[in-house]
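Trainee: Chains as they are written, first to last, in numbering that gives the first Met the number 0: chain G, 0 to 443; chain V, 0 to 443.
Honestly, the hints are just simulated from the structure, not real lab data.
Each hint should be verified, as a subset may be incorrect.
[To be verified] Computed cross-link-like contacts, DSSO-like style, restricted to lysine-lysine with a CA-CA straight-line distance of at most 27 Å: (1) K49(V) to K180(G); (2) K157(G) to K157(V); (3) K151(V) to K138(G); (4) K216(G) to K267(V); (5) K151(V) to K152(G); (6) K189(V) to K180(G); (7) K138(G) to K151(G).
[Stated by the list, open to error] Partner residues aside, some chain V positions facing chain G, computed with beta carbon under 10 Å: (8) I92; (9) I199; (10) S220; (11) V232; (12) T236; (13) M285; (14) L286; (15) M314; (16) I331; (17) V354; (18) L362.
Glycine residues also receive a C-beta, built at the ideal position from the N, C-alpha and C atoms.
Letter by letter, the chains look like this.
Protein chains: 2
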Amino acid sequence: MEKKITDLISENKIQDIRNELLEMNIVDIANVLEEVEKTQLVMIFRILPKDIAAGVFAYIPAELQQHLVESITDKEIKIIIDELFLDDAVDFIEEMPASIVKRVLKNTNESLRTQINQLLNYPEHSAGSIMTVEYVDLKKEMTVNEAIKHIKKSGVDKETIYTSYVIDSNRRLEGVVSIRKLILSDETTKINDILHDDVISVKTTDDQENIAHLFKKYDLSTMPVVDNENRLVGIITVDDIVDIIDQENTEDIQKMAAMEPSDEEYLKTGVFKLAKHRIMWLLILMLSATFTGGIIKRFEDVLQSVVVLTAFIPMLMDTGGNAGSQSSTLIIRGMALGEISMRDVFKVFWKELRVSIVVGIILALINFLRIYYLEGVGALVSITVCLTLFLTVLLAKVVGGLLPILAKSLKLDPAIMASPLITTIVDAFSLIIYFEMARVFLGV
Amino acid sequence: MEKKITDLISENKIQDIRNELLEMNIVDIANVLEEVEKTQLVMIFRILPKDIAAGVFAYIPAELQQHLVESITDKEIKIIIDELFLDDAVDFIEEMPASIVKRVLKNTNESLRTQINQLLNYPEHSAGSIMTVEYVDLKKEMTVNEAIKHIKKSGVDKETIYTSYVIDSNRRLEGVVSIRKLILSDETTKINDILHDDVISVKTTDDQENIAHLFKKYDLSTMPVVDNENRLVGIITVDDIVDIIDQENTEDIQKMAAMEPSDEEYLKTGVFKLAKHRIMWLLILMLSATFTGGIIKRFEDVLQSVVVLTAFIPMLMDTGGNAGSQSSTLIIRGMALGEISMRDVFKVFWKELRVSIVVGIILALINFLRIYYLEGVGALVSITVCLTLFLTVLLAKVVGGLLPILAKSLKLDPAIMASPLITTIVDAFSLIIYFEMARVFLGV
Numbered sequence: 000m001e002k003k004i005t006d007l008i009s010e011n012k013i014q015d016i017r018n019e020l021l022e023m024n025i026v027d028i029a030n031v032l033e034e035v036e037k038t039q040l041v042m043i044f045r046i047l048p049k050d051i052a053a054g055v056f057a058y059i060p061a062e063l064q065q066h067l068v069e070s071i072t073d074k075e076i077k078i079i080i081d082e083l084f085l086d087d088a089v090d091f092i093e094e095m096p097a098s099i100v101k102r103v104l105k106n107t108n109e110s111l112r113t114q115i116n117q118l119l120n121y122p123e124h125s126a127g128s129i130m131t132v133e134y135v136d137l138k139k140e141m142t143v144n145e146a147i148k149h150i151k152k153s154g155v156d157k158e159t160i161y162t163s164y165v166i167d168s169n170r171r172l173e174g175v176v177s178i179r180k181l182i183l184s185d186e187t188t189k190i191n192d193i194l195h196d197d198v199i200s201v202k203t204t205d206d207q208e209n210i211a212h213l214f215k216k217y218d219l220s221t222m223p224v225v226d227n228e229n230r231l232v233g234i235i236t237v238d239d240i241v242d243i244i245d246q247e248n249t250e251d252i253q254k255m256a257a258m259e260p261s262d263e264e265y266l267k268t269g270v271f272k273l274a275k276h277r278i279m280w281l282l283i284l285m286l287s288a289t290f291t292g293g294i295i296k297r298f299e300d301v302l303q304s305v306v307v308l309t310a311f312i313p314m315l316m317d318t319g320g321n322a323g324s325q326s327s328t329l330i331i332r333g334m335a336l337g338e339i340s341m342r343d344v345f346k347v348f349w350k351e352l353r354v355s356i357v358v359g360i361i362l363a364l365i366n367f368l369r370i371y372y373l374e375g376v377g378a379l380v381s382i383t384v385c386l387t388l389f390l391t392v393l394l395a396k397v398v399g400g401l402l403p404i405l406a407k408s409l410k411l412d413p414a415i416m417a418s419p420l421i422t423t424i425v426d427a428f429s430l431i432i433y434f435e436m437a438r439v440f441l442g443v
Numbered sequence: 000m001e002k003k004i005t006d007l008i009s010e011n012k013i014q015d016i017r018n019e020l021l022e023m024n025i026v027d028i029a030n031v032l033e034e035v036e037k038t039q040l041v042m043i044f045r046i047l048p049k050d051i052a053a054g055v056f057a058y059i060p061a062e063l064q065q066h067l068v069e070s071i072t073d074k075e076i077k078i079i080i081d082e083l084f085l086d087d088a089v090d091f092i093e094e095m096p097a098s099i100v101k102r103v104l105k106n107t108n109e110s111l112r113t114q115i116n117q118l119l120n121y122p123e124h125s126a127g128s129i130m131t132v133e134y135v136d137l138k139k140e141m142t143v144n145e146a147i148k149h150i151k152k153s154g155v156d157k158e159t160i161y162t163s164y165v166i167d168s169n170r171r172l173e174g175v176v177s178i179r180k181l182i183l184s185d186e187t188t189k190i191n192d193i194l195h196d197d198v199i200s201v202k203t204t205d206d207q208e209n210i211a212h213l214f215k216k217y218d219l220s221t222m223p224v225v226d227n228e229n230r231l232v233g234i235i236t237v238d239d240i241v242d243i244i245d246q247e248n249t250e251d252i253q254k255m256a257a258m259e260p261s262d263e264e265y266l267k268t269g270v271f272k273l274a275k276h277r278i279m280w281l282l283i284l285m286l287s288a289t290f291t292g293g294i295i296k297r298f299e300d301v302l303q304s305v306v307v308l309t310a311f312i313p314m315l316m317d318t319g320g321n322a323g324s325q326s327s328t329l330i331i332r333g334m335a336l337g338e339i340s341m342r343d344v345f346k347v348f349w350k351e352l353r354v355s356i357v358v359g360i361i362l363a364l365i366n367f368l369r370i371y372y373l374e375g376v377g378a379l380v381s382i383t384v385c386l387t388l389f390l391t392v393l394l395a396k397v398v399g400g401l402l403p404i405l406a407k408s409l410k411l412d413p414a415i416m417a418s419p420l421i422t423t424i425v426d427a428f429s430l431i432i433y434f435e436m437a438r439v440f441l442g443v
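Modelling step: build the complete structure from the supplied sequences, incorporating the hints.
Mentor: Structure (structure tokens):
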């Protein structure tokens, strides 16, 4: 499919290109535009009907949007902005440099400009910033027939007509009616009799992560956004929530790997920006590892008298780190999904303690077989190593399980208590255990 | 709210409980049922109207479902199963022990039983296993008016009426029509003239991860599922996709922390099962760390002549591991989201090389200031440590960036090339670099 269209483009067969594009989904057309030369981009964009052009525009990356807007006339800009859903228009404007924003806003009519400016004012990641103001509103005195007529008249430009919102004369939200209910009800029924008044709504300032939780909890497809006086100001649709869930997951995963979170695509992010997101945590962790070095220095005499002990340090540190990250990862994820809360702290402690005993015994035994029987390490050294291994796993799993909960109770993000920090903490403790064991068993 | 209802329950005021519950969302009712004593569970469940009872039943955990089914009559079971959406009924049956499944199936009529059995046969995580068969189908000869009448007649039991599917006499999928299009079109228009025939569909055997990708790419709310002859057999709705996205993310995160993935809730998983999911990778990584120990043994002479070198081993290993996991995490996530593919291997290499040079220089310089000026470590040892640090970061980031892509090209899951494995690999190389540097600079 895309092969054929690129052939037509290189042969410049405009009518054929148009016919081919009109058969395609707007997301696929956007993909085609990403592949073509920038000189052809404007040509292809111009042959699309205006509603499709606006749809495609919402799906191309910001740099292509900018290039397009810089290449077309003021009149064409006006047409696109008018056709775009308001939330897509706002997303686009947020990404553009000031000069383009100015030109775009100059070319929109005043009421639209006011709406755009209002949406631009909401803080990033708030309900206000992700909502759209294009929804269908009904009054409860309407009949089903009147409501359907109202939807027919006003519904063409609305982002969704699947849910209508019932408001009073002060725009205060009174309930919702699904199109399903309207279609399946008698024509003369009053909206008042079929509206659902136990509405789950959010405030404009609520955070998108909590909104995504509500969507998941109640299996919603849309959600109304209200201001402090419970007046309806917008709606959020589930297709935006799907993106937000991925975005929140990406942020958590990045934090868990000791990076500052960013929702920019890797390949589109510059080298210095990538470096900036990584350096702070690397520095913090590098300096923390100094403690571990200090512990080794303090026990230098132990290492000098039994040199073979040094060879097991990496294995002990790595296994402790891995055992701890497994636990912290499960707890962090469980908390992110709302499955584990702070009051479960004792359940987590008790579970991790038992899991770590099972896992620790298996690891210590297998390690003993390997170093004592296969490598011929002395019995006392083998016991020292394996007992340390067991205690390290125990400590790592309990610490790994509890620290994310502790972080949450201190109002910190649990995701920072992941692999890197847990590893650093466990490293220090495991070395202390190791050397103290050595003193006891080897008498050094 | 929940406080009040629990008070009413403890006072056993049945009529008040019922009134209170009828005001609540089914998800919240399900939460109430999770909190009450098992003896009260059945009582409360029985006072709910049957459609609400079925809705609530779909939201309570499997153990409560089982307890309920064991406590109610055959006739009540039949009512619930009839009222449940088919995909919820199948989810429920999949979780039950054989004796209950037998009793449930015995109490459903034959056509429903056949449908349930068919759905149970699809492999886990396939389109067939997550789809529902309750959709609205239309013929293209119908008028809009006839179509809306058909929806009114058959739509009550359907999972969604927002999208209708147009099929021919052999049930082959010919197109889709949204309820929006129906409502906004003239009553006498033929379905044929408004149907959208460029339908994005999946096969029954397609994997849920790819299906979620399509939903996200095309911002879909429903998707038809067809068999090998393109006959419509079911639909998938976006609310199920939201859960699947979380499930796939959880799996990736668990794999990245060196665990066998599991979609069971942490607090509901037994100790031995948790241990089983963790032990294999811990063993593999523990045994791999043996190589690192071997390297230290090989260079024992170096460590014995310059004892202070040992103290920097943890810092070098940890920083290398952290630097490598940052890179591998970004690449694994980028591949999971479809932003990075195998053909980007050189872009990734070039980007990671430059990022690692920036990050490596900063870390090495700060470390030099700290150990040479603050701790008074000798110049040559300081240079050895800092040069090793720089090279380790370089290597860690390049290896961390490339191994996930290599894994993918070998048809392995990139997520296994995460923090734990990268750390083990980088540890070994960083120690070799360290000791070779020491030989060069310190002449040992």
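Trainee: Each hint needs a verdict: does it hold in this structure or not?
Mentor: To see whether the hints hold, each was checked on the structure:
1. K49(V) to K180(G): holds (19 Å)
2. K157(G) to K157(V): With Cα atoms ~24 Å apart, K157(G) and K157(V) stay inside 27 Å; holds.
3. K151(V) to K138(G): holds (23 Å)
4. K216(G) to K267(V): holds (19 Å)
5. K151(V) to K152(G): Roughly 21 Å separates the two Cα atoms, so the pair holds.
6. K189(V) to K180(G): holds (24 Å)
7. K138(G) to K151(G): Between K138(G) and K151(G) the Cα gap is close to 15 Å, so the pair holds against 27 Å.
8. I92: violated (20 Å)
9. I199: holds (7 Å)
10. S220: holds (7 Å)
11. V232: The hint is violated - V232(V) has no Cβ within 10 Å of chain G, the shortest such distance being about 23 Å.
12. T236: holds (9 Å)
13. M285: With a closest approach of 5 Å, the M285(V) hint holds.
14. L286: Because about 7 Å separates L286(V) from the closest Cβ in chain G, which is inside the 10 Å limit, the hint holds.
15. M314: Cβ of M314(V) sits 4 Å from chain G, so the hint holds.
16. I331: This hint holds: I331(V) lies near chain G, its Cβ roughly 8 Å from the closest one there, short of 10 Å.
17. V354: With a closest approach of 5 Å, the V354(V) hint holds.
18. L362: holds (6 Å)
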